[in-house]
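Peer 1: Got chain C; can you put chains U, S and F on it based on the hints?
Protein chains in written order, with the working numbering: chain C, 1 to 371; chain U, 1 to 203; chain S, 1 to 212; chain F, 1 to 297.
Hints listed in this document are in silico derivations from the structure and should not be mistaken for laboratory results. A few of these clues could be false.
Here are some, though not all, of the chain S residues that point toward chain C, as calculated from beta-carbon distances under 8 Å [claimed, not checked]:
| id | residue |
| --- | --- |
| 1 | LYS33 |
| 2 | TRP37 |
| 3 | VAL46 |
| 4 | GLY51 |
| 5 | ARG150 |
| 6 | HIS194 |
From the derived model, a few chain C residues whose C-beta atoms are all more than 12 Å from chain U [what the hints assert, rightly or not]:
| id | residue |
| --- | --- |
| 7 | ASP175 |
| 8 | TYR179 |
| 9 | ASN188 |
| 10 | ILE206 |
| 11 | LYS233 |
| 12 | ASP254 |
| 13 | ASP301 |
| 14 | THR303 |
| 15 | ARG332 |
| 16 | LEU336 |
Chain S stretches covered by chain F per the calculated footprint, using a threshold of three residues with CB under 8 Å from any CB of chain F [unchecked claim]:
| id | segment |
| --- | --- |
| 17 | 77-88 |
| 18 | 99-113 |
| 19 | 176-183 |
Where a beta carbon is used, it is the ideal one built from N, C-alpha and C, also for glycine.
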Amino acid sequence: MKNDLENTIKIFHGPQHPGITGNMSVELDLLGETIKRAQTHVGYLHRGFEKLVERRTVVQAFTIVCRICVPEPDPNEENFARAVENLTGLEISEKAKYIRTMVLEMQRLATMFLWMGGQAGSIGLGLIPQWSVCDRDYMLDLFEELTGGRVYHMYAFPGGVRRDLPEGFLSRLSDLLDYYEKRIIVYNNTFFDNIIFKKRAIGVGIVNADDVIKNAYVGQVMRGCGIKKDVRKDMPYLMYDKLDFDIPVQSDGDVYARALVRRDEMLQSIKILRQIIKQMPSEGDILQKIPKHRKFKLPADDTYVQTESARGAMSYYMAGDGSEKIRRMQVRGPSLVHAYTLLEKLLVDSQLSDVAMTMNSLGICPPEIER
Amino acid sequence: MIELISKLEKLSLELVQKQDYLYKVEVKKEQLESLLLSFLNEFGYITLDSINCRDDLEEGNFVITYCLLTPKRDHVVMVQTSIERENASLPSIHTFWPQAEIMEREMHEMFGVDFPGHPTLIDFALEYWDNIPPLRRDFDTLQYVNDMNPFRGQRDDALDAKVEMKKKREAKKAAKLKAEQEAAAKAELETQNNPSQEVQNEE
Amino acid sequence: MMESGFHGCDLDDSLKCKLEESGTQNTHSVMEKAAAWFRSRSIFVVAYGTGCGAIEMPPTFTSRYDAERMGVVGVATPRQADLIILSGYLAYKTLRRVIRTYEQMQKPKYIITLGSCPINGGMYWDSYNTIKKLDDYLPVDVSVVGCMPRPEAVIDGFSLLQKRIKNGEKAGWEKYDENLDFYKKNQKRVLGNHVDPSYETDWYNLENGSEV
Amino acid sequence: MIFQIILLIMLAYVVGFIYMGLYRNITARIQGRYGPTVYQTFYDSIKLFSKKNSVSYGWMFYLGPVIMATGAVLTLILVPVFSDSDFLRSVTTQGNLFLLLYLMVLGPLGNALAVGTGGNPFGVMGVVRGLTRLIGLELPFYIAVVGLIIASNSSDIVHIIDLQKTTGLNILVHPFLFIAAMISMVGFFGASPFDIPGAPQEVYSGPRTEFSGKFLALLMSQGSIFAFAKLVLIIDLFLGGADSLWMLVIKTFAIFITIIFIGIVYGRYKVEQAVDFLMKIPTLIGVIGLVRIIWFG
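For reference, chain C alone in the conformation it holds in the complex (with noise of 0.2 Å):
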């Protein structure tokens, strides 16, 4: 290891690189283009969130948590309602638990545009960010009709959600579908099935499938190794367990298998939201009143939950001490394991062009990793 590194240059890829999946570095130590050893530094988007969360009381932290993860901020408004509501016990109604499990398959297929054109644009294939960056934008107008805001939502309050349904939202919705299926198989032929993409993302950053177990790999790298686990059939929360839908799996551990599981991902969270636009009941509260909006205490008690994001399994703990404050909410993020022991490991001998690939088929967000 020592003989590797004497002659190696060391170059940072990274925060200001196109090629990085947001602000963070890889510190890279190269011998030709091949990497030696790999680095990752994060820290250049801390805002210690979660000494800002023990500030502040359970509805002033509502408006700030969705911001831990940018590219898609509902999973954790989902997590911080629910450990709010297992900690302080309060029910929610069945229109409401609809309405977020909607909510939060839109934002899957949102984030996975997002993903589709960084990872075609990290082949240098213009033409793909350019759409599906607009067709995402078409997600983001619904809602911004649902909640008010494009990108940060602030919609799942504990207790429900914060607004109803507007008139003639799920027509609206399902004609976007319609949209979504035909462009995915355009999407197919341009860029799925593209020869150079398969060329260059089979074979690539494959994952162990042994490592994926204990090493905490979630999301798309452990179903690209074919480990059919997710959260929402295993612990099923909100409506999950009342709905019907596939866990896809690809058995490669490479680049190109989680891209496809991603793709097949997209379709079944395109077959859940048909189920919910016609499950939804018409009647219901949405929001359960919460007594003393602002001296909403919360029990001297921990807890632990967990959903399925569009990137992996997103954790948070949630302590609270009896008063308005919450004690602790630590935020455990897919990205966290995957851009430190995963990435590092999986750069070392492969080459540079394989970097920008490598890191966007992990789904990291560096926002999510230091908080």
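Peer 2: What follows is chains U, S and F alone, placed relative to chain C:
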């Protein structure tokens, strides 16, 4: 699950069910490493999902929670222990779980917990930090911010929000009162002028 | 909470910030006017997403909002860039890199900030790791407010910047050159001396020496 | 003579920049957006010329763009632009293919020398990638050119153009050679899938990483002049040259838009994959064309 309860009872530990998929077991610090090892090797909880730390300043200890999963991933077991706040240190478990390395590094930086035997206790998110570890509750972030990074001053023509709010509220109240009085007076006047109005409206 | 009348720059009187609102600068010759017009028509943005606002950069630059039709294009390196978009809050660690990136850019150069965080801390006003008041450390040309600003707002920010360049108004980099001591002192106050090259460097002479 | 050379360079500059603008515009339309104006690259280059420069790596570093520009301009004035008309003809009657092939490599080599002194690892990586790719690109192109030289029994471009009037266009007579030359021409244009030297997701802008302001503008200008020269060379060799300005524009645009359409639907090959591909498929096609000429000529 019953199997696990009986196994833990042998070690005189109690498994508490917290939620549908959530169990918790509390141990002493001395027992922690051996218990985690037996969770890994004997009970089949081979996934370490996260290590969480909580600062109980009033009791003077840190509460550390290890969240473990089986390969089935259908429930979470929280192994909880509390350690002294002063000179806090824990055995490092990065040899059992590689991902613990980064989690412990983060905990070291944010809480100042020491991990003897940990290979890379370097900076995680902060850079050149020389204050109390920031997530300890005796670190006052507002004080720190005011020292480092003062607020933007107001404009010269800015108004005091509290006074303005009060004024607005009073004005609103006065306006409401006035409107009510006017409405009452008007109604009274109308009923006096044409008493047949109500009948007409009903038609 | 917020103390009224508290001003950020506790500096010597000699370094008192003389950053008045930028007035119109007279463009002297036709050549300069022409150059200003071409500058406004072609703005290269360095690819650096410093905060949450970076999530609205892809929509802005791709087919739905298409900033390229205004001549705003992304480039990879700071050497070729005219504009850096500081999209949101800046942690101290990022601020070091941003200052370095900004100084690698070639003049004339501009800064656009997105969101409320660079203006007054935004919702991270009590965070121990982010700065408030970016304009103490770097000269900001256009601030687009919002959390996040929508792509339309970002494009509006671009067009405002283009208008200002076209009119030949005094830009941020000129202010930065004039008040280098003020900015360097502020940077040193929050970042310590942990920036390469160090703050003890004689900036004025260094720059003259390396002028080509 | 001098006047005509200057006029030719100006023509190449304008047409080249409009083509580069069209490249961006057509790409944008396919991507579903409005895109920049056709003159956008021209604005870019003027703006870059007006930028200040405050970095220095010594004179060798700045010689790089100059060498590249020299290579481009020399290539341009040795390629016969118009075959039959007197307009702009006097300089280019003696276009020799061997000299041209040499000049086409001059630019990248000069740039490599310059970037090496810059010391930026990404620049050096980009140059190494570019030179490796050049090995792959040259082989099919040279095979195609050698095939044409054998077929027409001359290395004079004017002669090759004249010959096509009697035998028919080379694109029809020697289609294999045309395909081989066309694939490597995609690479010479830096279009996908052979655009690895300047891949922004990997090495920033590759060889251009450290260049800014005037030197970047010079690189852009030489790029557009060179692009025009290469297009003219292709139509001279395979499409029978051009008699008038209209013919020139139509024929070069046809070649150009083919390159755009190929580039837009593909990502980029890694450099070893690119060389692997170029050494196999286009080379094989070229060899088939060559064998066809030699045995069945």
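Peer 1: The structure should be examined with respect to each hint, and the outcome stated for every one.
Peer 2: Results for each hint:
1. LYS33: violated (33 Å)
2. TRP37: With a closest approach of 29 Å, the TRP37 of chain S hint is violated.
3. VAL46: holds (7 Å)
4. GLY51: Status holds, d = 7 Å.
5. ARG150: holds (6 Å)
6. HIS194: At 13 Å from the nearest chain C Cβ, HIS194 of chain S fails the 8 Å test, so the hint is violated.
7. ASP175: holds (36 Å)
8. TYR179: holds (34 Å)
9. ASN188: holds (30 Å)
10. ILE206: holds (17 Å)
11. LYS233: violated (9 Å)
12. ASP254: holds (21 Å)
13. ASP301: violated (8 Å)
14. THR303: violated (6 Å)
15. ARG332: violated (4 Å)
16. LEU336: violated (7 Å)
17. 77-88: Since 4 is at least three, the answer is holds.
18. 99-113: holds (count 3)
19. 176-183: violated (count 0)
Against the hints set out earlier in the document, violations occur for numbers 1, 2, 6, 11, 13, 14, 15, 16 and 19.
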